[in-house]
Amino acid sequence: MATVLEREPKGLTPKDWASDQEVRWCPGCGDYAILKAVQKTLADLQADPDRTVFISGIGCAARFPYYVESYGFHTIHGRAAAIATGVKLANPELDIWVVSGDGDSLSIGGNHLLHLLRRNVDLVYLLFNNEVYGLTKGQASPTSPRGTVSPSSPGGTLDAPVNAGAFALGAGARFVARVADVVQGPMVEVLTRAHGHRGTSFVEILQNCIVYNDGAFDAVTDKATAAEHQLWCRHGEPLLFAGGTKGVRLVPERFALEIFDVGADGLGAEAALVHDETNPMLAQMLVRLDVPTALGVIFAVEAPSYDAAFSAAAPTRKPGLADLQRQVGGRTTWKIG
Amino acid sequence: MNEISHLVGAAGPDSLVVRFAGDSGDGMQLTGSRFTQEAALDGADLATFPDFPAEIRAPVGTTFGVSAFQIQFGGRRVRTPGDRLDVLVALNPAALKVNLEDLRPGGTLIIDTAAFVDRNFKKAGYDHDPRDDLDGYRRLDIDITKLTQAAVKPLGVGNRDANRARNLWTLGLVLWLTGRSRGATQDWIRERFAAEPLVRDANLAALDAGHAYGETAELPRLPEVLAPGQTAPLPPGRYRTVTGVDALCYGLVTAARLSGIDLFYGSYPITPASSMLHMLARLGAFGVRTFQAEDEIAAICVAIGASYAGQLGVTGSSGPGIALKMEALGLAIATELPLVVIDAQRGGPSTGLPTKTEQSDLFQAVLGRNADAPLVVLAASTPGDCFPVAIEAVRLATRYMTPVMLLTDGFLANASEPWLIPDLATLEPFPVRQGAAVDGFQPYARDPATLARAWVPPGTPGLRHRIGGIERSHRTGAISYDPANHQMMTDFRRAKILGIARDLPAQGFVAGGMDDRILILGWGSTFGAIESAVDRLRADGVSVAHAHLRHIWPLPANLGDILASFERVLVPELNTGQLHLLLQGVYGCRLESLTKVSGKPFTAAEIETRVKTLLEA
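Here the protein sequences come in this chain order: D and B. Going letter by letter, the first sequence gives residues 1 to 337 in my numbering. Going letter by letter, the second sequence gives residues 1 to 617 in my numbering.
It is possible that some hints are incorrect.
[As the list claims (entries may be wrong)] Straight-line alpha carbon distances no greater than 25 Å define the calculated SDA-like cross-link-like pairs of lysine to any residue that follow:
| id | chain 1 | residue 1 | chain 2 | residue 2 |
| --- | --- | --- | --- | --- |
| 1 | D | K137 | D | P161 |
| 2 | D | K318 | B | R257 |
| 3 | D | K335 | B | R190 |
| 4 | D | K335 | B | L615 |
| 5 | B | K600 | B | G588 |
| 6 | D | K335 | B | K596 |
| 7 | D | K15 | B | D535 |
| 8 | D | K137 | D | D159 |
| 9 | D | K223 | D | D159 |
[As the list claims (entries may be wrong)] Derived, one-sided and incomplete: chain D residues facing chain B with beta-carbon distance under 10 Å:
| id | residue |
| --- | --- |
| 10 | W25 |
| 11 | F54 |
| 12 | Y71 |
| 13 | I76 |
| 14 | K88 |
| 15 | L114 |
| 16 | A226 |
| 17 | E228 |
| 18 | W232 |
| 19 | L250 |
| 20 | A308 |
| 21 | A312 |
| 22 | P315 |
| 23 | G330 |
What the hints contain is simulated information worked out from the structure, not anything from laboratory work. None of these values were measured; they are calculated from a predicted model. The beta-carbon is built from N, C-alpha and C at its ideal position, and this holds for glycine as well.
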C-alpha cells in the first residue's frame, strides 16, 4: 500500500461522495464494498465532483451512479462504453468512470467494450464480475463456468466462459487490473493507479452476488484460502504468493507458467518471474491463471488516448460567417435576374 | 400518352428529359452530374434522379448492373426529373433493356454499337439483336467505343484506357445535341486530373471529339429548351446546384452557428446515409465533429453522450440502421436530451432496396419505439429544402430538449436542383442556453412555456445530478416507481411534443387554397411530382389544391380544419399508406390514399391520373 493513501485528504471525505439516494442493493452485496472503495479513492484523489461523471449500463452494478455525489448517467443495457465515449469526446475535461457488469460488458455490450479498449478513450472502466445475471434473477452469464446450473440452464450451461482480462488484452487494452470486492486497501490502490493512467483503464472486480451466486469467489477471498489463491502482481517484484512459499515461474520449453514451491527441487525465490506490467505476453498468461488468481495491475503501458488525438485533430481556426457563407455558396454559381 | 402533350406542346417543348444509362463502371453518375452543372450554369431549372444498383461493380453487361442518371432541364420551372424520356443514352444492351420502356415514342435513342454484340445480348437476356425491334424512335447508332479510341490514340493512350473516356465522349455529344456548352466540364477535368496529365488530356480529347462529332456528322440538334441568354423563371439571385445531402449538411453547420453550440455527428456506414458522414467529416472547421462508430447503436449512443455533455448530438442512418437505434432513442426521450436523428429512407423491410427510394419509415419515425415515446418528426421535400429543415430540427431539439427525427430519402439524398444560395446573415439565431440557477435547481423542473427541462451538462459547477432511463421523479430526477408520477411524466412527455404545434407556422398551400374541391396532401420528396401534377390540373381548370407537410409530428395545429374543408383529400406517398392511416387516426376523417413502392419516385402523370379518377367517381 502506498503511504500517500493513508493521509487524510484536506477537502472532501468519502462521506461527501455519497449522494442523498438510498442504496438499494441486497444486504451483503459485494457492490457496497466497491462503492466504499470508490468513494474513498475519490476522496483520496481530491477529485472534483462537478467534473466527475459516473456512467453505467443496466444491471445491479449499473445503479452505481445514483449513489455517488457527482454527475451521473444511468443509460441502457450494454451501451455505457459508447455513451461515455461521446461524453468524453464532447468534453475531454470530464473525469469519467464507467460502471458495468459481466452481462452488460461481455454479452450485450461486448462490441462497445472491444472498441472502447482499442480506441483507448481516457476513462476508468469498472467491470463488476459476479458470474451471474442478478437483476433478472439468476441466469447464467457470459463469465459463468461451463456447466452452471441456473433457471435458464437447468441442465448446466454448455458454453465456455469468457475471461474478462483476456478479452480486454485481446481488444488492445493498455491497462488491465483485477481486484476482489473485499480487499479494500488494495482496491483503492488499484483504482488510484487506474485513475492516474491515461487511456481506458480496465479493472475487473470479482464481486460476490449474495443472492444468486454466493461464494463464487470464496476460494480467492476467504481468509483461510486467500493466501494460496491471491497472486498480487506488482511491477518489478517477484511473482510470489502464499506468504512467499510459492512462486510463478516460466517454463521456456513449454512457453507456459508453472507454480512451484519455494525451496523445493532446488528452486529458490529468485526462480520466480519478476512482474513486468509492460509485457503483454506475460499479462495474457497471468490473467488466464485460475489458481492462484492474478490480482493487481497486470498490464499497463502508455499510449496516446483517443480523446487526446480527437482533440488534437480539431480544426483550430474558428471560421467566421463569411467563411461559412463561402462554403455554403460553393464554387460554381450563376446569377438569375 | 397524355403527359407527352405537356412536354411537346404546339410551341415546342420547354424542357428536355435525358437519361444516361450504362454499366455501373461506365461513369454514368459522373456524366450526369457534369451535364447537370452545364445546364445549371446556362440558367436552366432542373431536377435530377440518379438511379444506381447496390452492387459496386456488378458483372459487366448485366441488367442488374445498370446505372442511370436522369435529368429534366429547361427554360421553365422544372420540378421533377421527368416522367418520360426525350433522350436515352444506352451504352450497352442491358441499359437498353432496363430503360427503353421509359423512352417516349419519337424520342432520341443513342447507343454504342460496339457494345451491341451477341455476348452482351445474352448477358442482358436478349435472344437476338434488340435493335431489330426498335421502331418509332430517332436512332443514333454510333460506334462510340471506336470513336473514343481514335480520339485519344494520338496521345498514346491504349484502347483499354480509352474505353474509360467513353462516357466523356458521350457527354460531349449530348452537350452538343442539346445546345449546351462544355466549358465547365473542361475546367473540371483540368482540375480533377491535374496530377495525371495523360488522363486529363485523354478525357478532354474524348469530350471534344464527342462534341465535334455532332457537328461534323451534321446531326440535327434537339429542340431548344433554353435559348442563349435565356434563364428559367426562378426567383432572382445567385444559384448553385445542391443535392439533398449537400443542403442538409450545410443546414447542420449553419445551425451550429445559429445555436452557438458545436455539433457531434456519430454514424456508421450505410447506404444512402454514408454521404452525410463523408461531407460532414470535411466540414470540421464549421463546428461539427464526426465519429465513425462501431455500429448503429454506438453511433446514436455517442451522439447522446455528446448531447449530455453539452454539444448537440446528431446521428444519421437509413431504415435498418434507424431500427437498431430505437432503444437508445427511447433513452434520449426519457432523459429529455436534445438529439437529431436523420433517416435517409430506402426500400425495405430488412435490407430491402438499399439504393432505391421509399417513404416507408414514417411509422418507424413517429411510432417505432417501445412504450409511449413521443418525439418530433420533420420531413424535407426537395434537395434544397433539406437546408431549412436541418436548421429547424436543431432549433426544435434544443428549444424543447427532445430528439427530432428528420426524414429524407434516397431520392432526396442524391437528386440535385438549382438552389438559391441563402444569405446566412439574414437567418434568425437561436442561442442555446445551458445551465440553471443553482438555488433550488431541480433537474426535471420545466419551463412552463415549452415544458422543456434545463440543459445542465456535467462540469457545470454546483448542479450535480443524476439522470437515467428508469422513470424519474418529476422534479428531482431520482428513480421513482410512484404510479402517479409515471402518469404525470408520460403526460408531460406527450404534452411537450404536442405543444410544439403552437410554435409552428400554420399549414399553408403550395397551390390553390381552401376554396378548391380537392386537396392533395403530400409529405417529403413527392413534392415535385405533386407540384407538377397540380400545375397541369389547375391549368386544365381542375379545382385542386396542394399542401405539403414539413412537420409530420406534431402535426400543424390547423391541419384538421384544412382536411375538413375539402370534398376529397388525396394523400400520395411512397409506402402502403402510412401518413394516410396516421391522419385518419388523428382526425377521424376519411381520406384517399395513393401509394407506390417500386423503388422509384412518383411521376406527375400518376398523380394527375388519380385525381382525374377521383373527379369522375
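Hint check:
{"no.": "1", "hint": "D:K137 <-> D:P161", "verdict": "19 Å, holds"}
{"no.": "2", "hint": "D:K318 <-> B:R257", "verdict": "11 Å, holds"}
{"no.": "3", "hint": "D:K335 <-> B:R190", "verdict": "24 Å, holds"}
{"no.": "4", "hint": "D:K335 <-> B:L615", "verdict": "42 Å, violated"}
{"no.": "5", "hint": "B:K600 <-> B:G588", "verdict": "31 Å, violated"}
{"no.": "6", "hint": "D:K335 <-> B:K596", "verdict": "37 Å, violated"}
{"no.": "7", "hint": "D:K15 <-> B:D535", "verdict": "73 Å, violated"}
{"no.": "8", "hint": "D:K137 <-> D:D159", "verdict": "20 Å, holds"}
{"no.": "9", "hint": "D:K223 <-> D:D159", "verdict": "31 Å, violated"}
{"no.": "10", "hint": "W25", "verdict": "13 Å, violated"}
{"no.": "11", "hint": "F54", "verdict": "8 Å, holds"}
{"no.": "12", "hint": "Y71", "verdict": "4 Å, holds"}
{"no.": "13", "hint": "I76", "verdict": "5 Å, holds"}
{"no.": "14", "hint": "K88", "verdict": "8 Å, holds"}
{"no.": "15", "hint": "L114", "verdict": "7 Å, holds"}
{"no.": "16", "hint": "A226", "verdict": "35 Å, violated"}
{"no.": "17", "hint": "E228", "verdict": "41 Å, violated"}
{"no.": "18", "hint": "W232", "verdict": "34 Å, violated"}
{"no.": "19", "hint": "L250", "verdict": "36 Å, violated"}
{"no.": "20", "hint": "A308", "verdict": "14 Å, violated"}
{"no.": "21", "hint": "A312", "verdict": "12 Å, violated"}
{"no.": "22", "hint": "P315", "verdict": "4 Å, holds"}
{"no.": "23", "hint": "G330", "verdict": "4 Å, holds"}
Hints 4, 5, 6, 7, 9, 10, 16, 17, 18, 19, 20, 21 from the list above are not met by this structure, while the remaining hints are.
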